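Participant: What follows is the residue order along each chain.
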Amino acid sequence: MKVAVLRFPGTNCEFDTQYAFEKLGHTTALVWHENETLPTDIDLVVVPGGFSYGDYLRSGSIARFSPVMKAVSAYANDGGKVLGICNGFQILTEAGLLPGALKRNNNLHFISKQQNLCVINNDNAFLNRCKKGEVLNIPIAHADGNYYIDEEGFKELEKNGQILLRYSDEKGEPVVVNGSVTSIAGVCNIAKNVFGLMPHPERALEAILGSEDGLRMLKGFES
Amino acid sequence: MQAVVNVFLKEGVLDPQGKAAHHALDSLGFAGVSDVRIGKQIIIKLDTDDRATAEAEVKEMCETLLANTVIEDYTIEIS
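Those sequence lines, one after another, are chains A and B. Under the numbering used here, the first residue of the first sequence is numbered 1, with each subsequent residue one higher. Under the numbering used here, the first residue of the second sequence is numbered 224, with each subsequent residue one higher.
Pulled out of the complex, with its shape left as it was, chain A reads as follows (with noise of 0.2 Å):
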């Protein structure tokens, strides 16, 4: 597989990220926000987490005006896969590659820890790894996490099954974290080929380290 890494003016995860991705025996590139294509034959973007324009404005709202974005949407309405982390996740709400949108933490702190996620569908090329229901557990690192979308569009995710996980405790019962509308930490699109999450899988890839159910995550792109 070979994997799409962007990298803009205050990404922070790009090494990270390709270093799971080669850990699983993938080969990366990393993608100058400036660039106007992407490279071909590749099998995934992945839009790192950092604070791209030091969240300026919005976290996001610049990035996604980047002119690597406007191949990266082309990409995605073509069917090819997108993920976003963290920072990823905004940057492509703001681009309206997903629903809703992300919101300072309802306690306003930034939140840095290590997370329980329940997995809520698994039907989809990012989860197909990981059991429904199943606990994950994942470090978080943000500010601007508070996912919220209106009644309407929430009822749209909930039929379509784009919900792809819940902050949850240990047993997989919702918990609040950030304000998250229904304690949503990650979403696709209705096609199910444009992925975001605020937890860091990237971060997750050694037991001696915490937790190794990462490269679970990133594996459910091999298939």
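Keep in mind that a hint or two might mislead.
When the alpha-carbon atoms are kept at most 20 Å apart in a straight line, the in silico EDC-like pairs for lysine to aspartate or glutamate are as follows [to be verified]:
1. Lys233(B) <-> Asp150(A)
2. Lys263(B) <-> Glu286(B)
3. Lys233(B) <-> Glu152(A)
4. Lys263(B) <-> Asp55(A)
A few chain B residues that don't get close to chain A, going by computed Cβ distances all over 10 Å [to be verified]:
5. Phe231
6. Gly255
7. Gln264
8. Glu300
Covered by chain A, according to a simulated footprint, are these stretches of chain B (three or more residues, beta-carbon under 8 Å) [unchecked claim]:
9. 232-241
10. 280-293
By construction, these hints were calculated from the structure, which means they are not laboratory data. Here the structure is a predicted model, which means the values were calculated and not measured. A virtual CB, placed ideally from N, CA and C, is assigned to each residue, including glycine.
Dock chain B against the given chain A, drawing on the hints supplied.
Facilitator: Frame of chain A; chain B shown alone:
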């Protein structure tokens, strides 16, 4: 011309910063505050002298970049 754009979270979308400031005002003894909302103000200087052109341009700026209309409303004052 100059445009003053105010961007606020929509009514019904919880404004955590406004809520925190509200709590702080309460605890400082400022009674009778029923709501606090925090937004941002963006001041734009424009080359045009035509009000309608300015308004149309700034509206497009708001819809494209300055506000995320999924969660935010905006107002424009041209002078």
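Participant: None of the hints should be skipped; say for each whether it holds.
Facilitator: Here is how each hint holds up against the structure:
1. Lys233(B) <-> Asp150(A): With Cα atoms ~11 Å apart, Lys233(B) and Asp150(A) stay inside 20 Å; holds.
2. Lys263(B) <-> Glu286(B): 15 Å, holds
3. Lys233(B) <-> Glu152(A): The given pair, whose Cα atoms are some 16 Å apart, holds under the 20 Å limit.
4. Lys263(B) <-> Asp55(A): Given that 20 Å is the threshold and the Cα spacing comes to 14 Å, the pair holds.
5. Phe231: 12 Å, holds
6. Gly255: Its Cβ never comes within 10 Å of chain A, the nearest being 24 Å, so this holds.
7. Gln264: At about 12 Å from chain A, Gln264(B) clears the 10 Å cut-off, so the statement holds.
8. Glu300: 19 Å, holds
9. 232-241: holds (count 5)
10. 280-293: It holds: at least three residues are needed, and the stretch 280-293 of chain B offers 4 whose Cβ sits within less than 8 Å of chain A.
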